[in-house]
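Q: Each chain, written out:
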Amino acid sequence: MLAAHPCGNRRKALLLILVSTLAETAVPSMHDLRISASSIQPLQGLFPSGENNILSVIFQALFIGLFMFTMLYGQRMQAWIMLRHIDVSVRRLRAMRDEARRISLETLKGLGKEGPDLETSLDRLLEYFWIPPVDLDPAGIVGKLEHLLDVRDDRLRGEVTRLAPGADASQLSNTENLVEATLALNTLYRIVRHLYLFGKKTMSIFIIYQLEAQLPLVVQEAEAMMGGVHAFQLGQPIGDGAGSLVAARLMFGAATRSVAKDTVASNVMLEGRRLVVLKAEGPGGNVGKPGDGLIKVLEENGGKATAIIMVDAAQKFEGEETGEVSEGIGAAIGGVGVDKFKIEETAKRYGVPLYAVVIKESSQDVLAPMKKELYKGADEAIRRVKRIISERSTVGDLVVVLGIGNTIGIGQ
Amino acid sequence: MMVGLFSLVLILFMVSLVLLYQAIAAYSTGKPEQGFAFLVFSLLGLGLSTYVVSLARDRTMMAAHRGTGSVFTLIECLQCGFKSIRAFVKGDYILKQAEACPKCSRQMVITSVYLEERKR
Chain A
1 MLAAHPCGNR RKALLLILVS TLAETAVPSM HDLRISASSI QPLQGLFPSG ENNILSVIFQ
61 ALFIGLFMFT MLYGQRMQAW IMLRHIDVSV RRLRAMRDEA RRISLETLKG LGKEGPDLET
121 SLDRLLEYFW IPPVDLDPAG IVGKLEHLLD VRDDRLRGEV TRLAPGADAS QLSNTENLVE
181 ATLALNTLYR IVRHLYLFGK KTMSIFIIYQ LEAQLPLVVQ EAEAMMGGVH AFQLGQPIGD
241 GAGSLVAARL MFGAATRSVA KDTVASNVML EGRRLVVLKA EGPGGNVGKP GDGLIKVLEE
301 NGGKATAIIM VDAAQKFEGE ETGEVSEGIG AAIGGVGVDK FKIEETAKRY GVPLYAVVIK
361 ESSQDVLAPM KKELYKGADE AIRRVKRIIS ERSTVGDLVV VLGIGNTIGI GQ
Chain B
1 MMVGLFSLVL ILFMVSLVLL YQAIAAYSTG KPEQGFAFLV FSLLGLGLST YVVSLARDRT
61 MMAAHRGTGS VFTLIECLQC GFKSIRAFVK GDYILKQAEA CPKCSRQMVI TSVYLEERKR
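Protein chains in written order, with the numbering used here: chain A, 1 to 412; chain B, 1 to 120.
No wet-lab data here; the hints were simulated from the structure.
Being a predicted model, the structure only gives us computed values, none of them experimental.
The reader is advised that the hints may include incorrect statements.
Stated by the list, open to error - Facing chain A, from chain B, some residues (calculated, C-beta under 10 Å): (1) L10; (2) Y51; (3) I94; (4) T111.
Unchecked claim - Derived lysine to any residue pairs resembling SDA-like cross-links, with alpha carbons at most 20 Å apart: (5) A:K376 x B:I110; (6) A:K386 x A:P353; (7) A:K109 x A:F129; (8) A:K376 x B:F82; (9) A:K371 x B:I75.
Ideal Cβ positions, reconstructed from N, Cα and C, are used throughout, including at glycine.
Take these sequences, add in the hints, and give me the full structure.
A: See the structure below:
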């Protein structure tokens, strides 16, 4: 990376060049010793002698002065210019945070709550944080994580219920997602602002470099969240719901039953195989508890499943198309890791193979309203799931299909 | 690398100013050919340094640049295959029962709610 004194050796070399240039103009006869006459004419043309000599000397001095200034204070000037660029991004982030806050307030007002208490309560929610459990002794950490996350979710839901007394279950989930997205934008803005002000205070080129280098990604992330804010406000399906969409299409028309918190399942027959399809309960913005749902389904069936197929959205690389589908092995699920742990543990306990089908999208698409390409990707994912089922199971087998993702705007 | 680039741009800019001064001096002392040559190189240098600075400035924002769009709802009749597209309305969701099919009078279903992007 960067050296401790990047200009040190260069400064000496440049000083030598400057001294020699001055020497050349002061003692023209030295030219004959080192360089041919024809090659010095352009140089001499830059600094002519004769009647303009005084002006040329002044100009030379100015030039050398500016040169020395650049060498000695170039980094500071660059830091100042980069801080100006960062300032533009900080203002953008603040504007996005304020817009998200305005939308959240508007939504809460529309769901029955009015009064000065609303703004204060919302601002208090936007400063919410959670402290992850210590991992010095990792044994049992998944249980601790789950407990803390459940408490956080219950607390947030309780606060949103108090602020939106007129909301039904779907609206409550959507509003909760909206407040969480606003909270995330607020946190992002505060972190970037902190680094900006810290860099400004210290004029440390390394801190400013790092911040400016990451800014395109940060602003991209913030814009994606902003897309999510609008989607949550209106209840539109988002890119993260690609897995839920696949499950919804597979279970369409079948009766659903609750198997875990905010999680539903349906029994479907496909080519003689018995499918149990699970997804989060829509059309509210839920992610459900697919881990608990899988445990319940397998326990109900004595663990006799031939395969578990998980369908989820995944990050695509630059150069890949949105909606491309890939297959693999393992638990295709994001989040902190609690549900992933439970699914892997359960699959291992019952000896059930775990297959993954992912629909690729960019990080901007995850929170934005779903694009047409993702619907085509969902169709392809269904074809892949059916192929895996026909290849990896026989007639009469039980196969569990989990559609993972936020199910906002997706029913069942 | 950025420090080196910035220094080079600044040197180029200063050399361009020097050449501009030389061009004016050449014209005023009755050397139009020399003046023209200095003027051309000066303008080239000024243009190049401005261009490089503007590129470095825009790159940060371009990465985060994204088009906006409109959201549409696709309603299908699963019996006869009739499809209809309209603007999204709050309350629409995938697999929601929609209005009756104008062709076969069966109930239609919302099968997708999608974003059509518009580049800025």
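Q: Are T111 (chain B) and chain A close enough, Cβ to Cβ, to be under 10 Å, as the hint says?
A: holds (8 Å)
Q: Is K376 (chain A) close enough to I110 (chain B), meaning Cα to Cα at most 20 Å?
A: The given pair, whose Cα atoms are some 16 Å apart, holds under the 20 Å limit.
Q: With a cut-off of 10 Å, does the beta carbon of I94 (chain B) approach a beta carbon of chain A closely enough for the hint to hold?
A: holds (5 Å)
Q: At a threshold of 10 Å, is the proposed contact between Y51 (chain B) and chain A supported by beta-carbon distances?
A: With a closest approach of 16 Å, the Y51 (chain B) hint is violated.
Q: Would you mind confirming whether the straight-line C-alpha gap from K376 (chain A) to F82 (chain B) stays at or under 20 Å?
A: Status holds; Cα separation ~19 Å.
Q: For the hint on L10 (chain B), just tell me whether its beta-carbon gets within less than 10 Å of chain A.
A: holds (5 Å)
Q: Compare the distance between the alpha carbons of K371 (chain A) and I75 (chain B) with 20 Å, and conclude whether the hinted pair is satisfied.
A: holds (16 Å)
Q: Under the criterion that the straight-line Cα-Cα distance not exceed 20 Å, is the pair K386 (chain A), P353 (chain A) satisfied?
A: With Cα atoms ~16 Å apart, K386 (chain A) and P353 (chain A) stay inside 20 Å; holds.
Q: K109 (chain A) and F129 (chain A): Cα distance at most 20 Å?
A: violated (24 Å)
Taken one by one, the earlier hints fail for this structure at numbers 2, 7, listed in ascending order.
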